[in-house]
Amino acid sequence: MILAYLDNLEHALRFDRALARRVRQEAEAHLLEAIAVDPAADKSEAERKAIAGFGDPKAIAAQFAGLSLVRQVRGITGTVIVIVFGIFVAMKIRVEWYALTHWTMPADRKSIADLVLSIDRYAFWTSVFLGTAVYLYVSSRRVLAGSPQSVRRVYILCGMTTGTLAVSVGGDGLLTALQLHGAQLCSVSIPPVLSWLFEISAVSILGLRVLILMKRARSTTRLFTP
Amino acid sequence: MLKGHLDMIVLAALASGPAHGYAIIEHIKHKSGEAFDLPEGTVYTALHRLEQAGLLSSRWTTAPSGRRRRVYALTKRGERALTNQSEIWQRFVKAIGGLLAGTGQQGKPA
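These protein sequences, in sequence, are chains D and P. In this text, residue positions in the first sequence follow the working numbering: the first is 1, and each later residue adds one. In this text, residue positions in the second sequence follow the working numbering: the first is 1, and each later residue adds one.
Chain D with its partners taken away, still in its complex shape:
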């Protein structure tokens, strides 16, 4: 009886596997404790009472849903900050490398490079602004007050941050291609290429995390009762 109840509870909490495991372990410890101290001679009656006292698995899952969403939102906020900062560092490393190796943009590509650079800069600083907005919104504890709408605002802001970062990283790719085009590929070309590959990976990870959050938020919101 206990095992079936714990399975139901874990299944109801399947929107957050780590949480489901922990709650299952805690519920198991609680139920065993309750059964052990129950004076009833009939073990199955003691089990039934303990389960009834703990509550309906679906109702418990609904209470945990809001908490899980808040944790996921906080997690993605940290990822946004780390990735925006990481991309900024990668850009700086590339620029410093060009300066160190006296590698200038060929004159025939300068005008297009300037245009791409200005788009790149606007996109990057817009993503910094949006990332800061996500951070401030989540730290203002408005999400803690908990509503599916506030979570929706967070993932829309995260999606916009990812979009503008993707434009910036695309611009960086174009600038790197313009810089490397026609040049002989050698060890000097490795740092710019690697830093751009890092940027692509970072923005892809962020995009993936935002998609996972959106998917989880949708399934969790169905259970969420503020």
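Some hints here could point you the wrong way.
[To be verified] The calculated DSSO-like cross-link candidates involving lysine-lysine, where the alpha carbons are at most 27 Å apart (straight line), are:
| no. | chain 1 | residue 1 | chain 2 | residue 2 |
| --- | --- | --- | --- | --- |
| 1 | P | Lys31 | D | Lys49 |
| 2 | D | Lys58 | P | Lys29 |
| 3 | D | Lys92 | D | Lys110 |
| 4 | P | Lys94 | P | Lys31 |
| 5 | P | Lys29 | D | Lys49 |
[Said to hold, decoys possible] Which chain P residues stay away from chain D? Per the calculated CB distances, all over 10 Å, these:
| no. | residue |
| --- | --- |
| 6 | Ile9 |
| 7 | Gly21 |
| 8 | His30 |
[Said to hold, decoys possible] Computed footprint of chain P on chain D, listed as stretches where at least three residues anywhere in the stretch have a Cβ under 8 Å from a Cβ of chain P:
| no. | region |
| --- | --- |
| 9 | 63-72 |
| 10 | 81-92 |
Honestly, the hints are just simulated from the structure, not real lab data. Everything numeric in this text was worked out from a predicted model, so none of it was measured. Think of the CB as a built atom: it goes at the ideal place given N, C-alpha and C, for glycine as much as any other residue.
Got chain D sorted already, so can you dock chain P onto it with the hints?
Okay, now just chain P, sitting in the frame of chain D:
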């Protein structure tokens, strides 16, 4: 009424020292004279929420019986929050007491 005060009740139950979920629930039942007989799963949600808010910390321990339990304890922030909520509650009780004084309702069962 209980829903809005569950966090304070749980924090108060931990004021005397760290305890696991079952002991916290028993403490609440005992100290409230069985007045608060809430669904036990609800208390675990409150424990997780308070931990997420940094008011509680928790760790797994092994009981003498060999059973694993998660033990919760108040953090410094939790202690401050409890003091703060207790003061608010005392002011509330005093205010309501003042309102009821002279109405003939004070002390009468609801």
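The hints, checked one at a time:
no. : hint               : verdict
1   : P:Lys31 / D:Lys49  : 22 Å, holds
2   : D:Lys58 / P:Lys29  : 24 Å, holds
3   : D:Lys92 / D:Lys110 : 19 Å, holds
4   : P:Lys94 / P:Lys31  : 21 Å, holds
5   : P:Lys29 / D:Lys49  : 16 Å, holds
6   : Ile9               : 16 Å, holds
7   : Gly21              : 5 Å, violated
8   : His30              : 13 Å, holds
9   : 63-72              : holds (count 5)
10  : 81-92              : violated (count 0)
In this structure, the earlier hints numbered 7 and 10 are contradicted, and the remaining ones agree with it.
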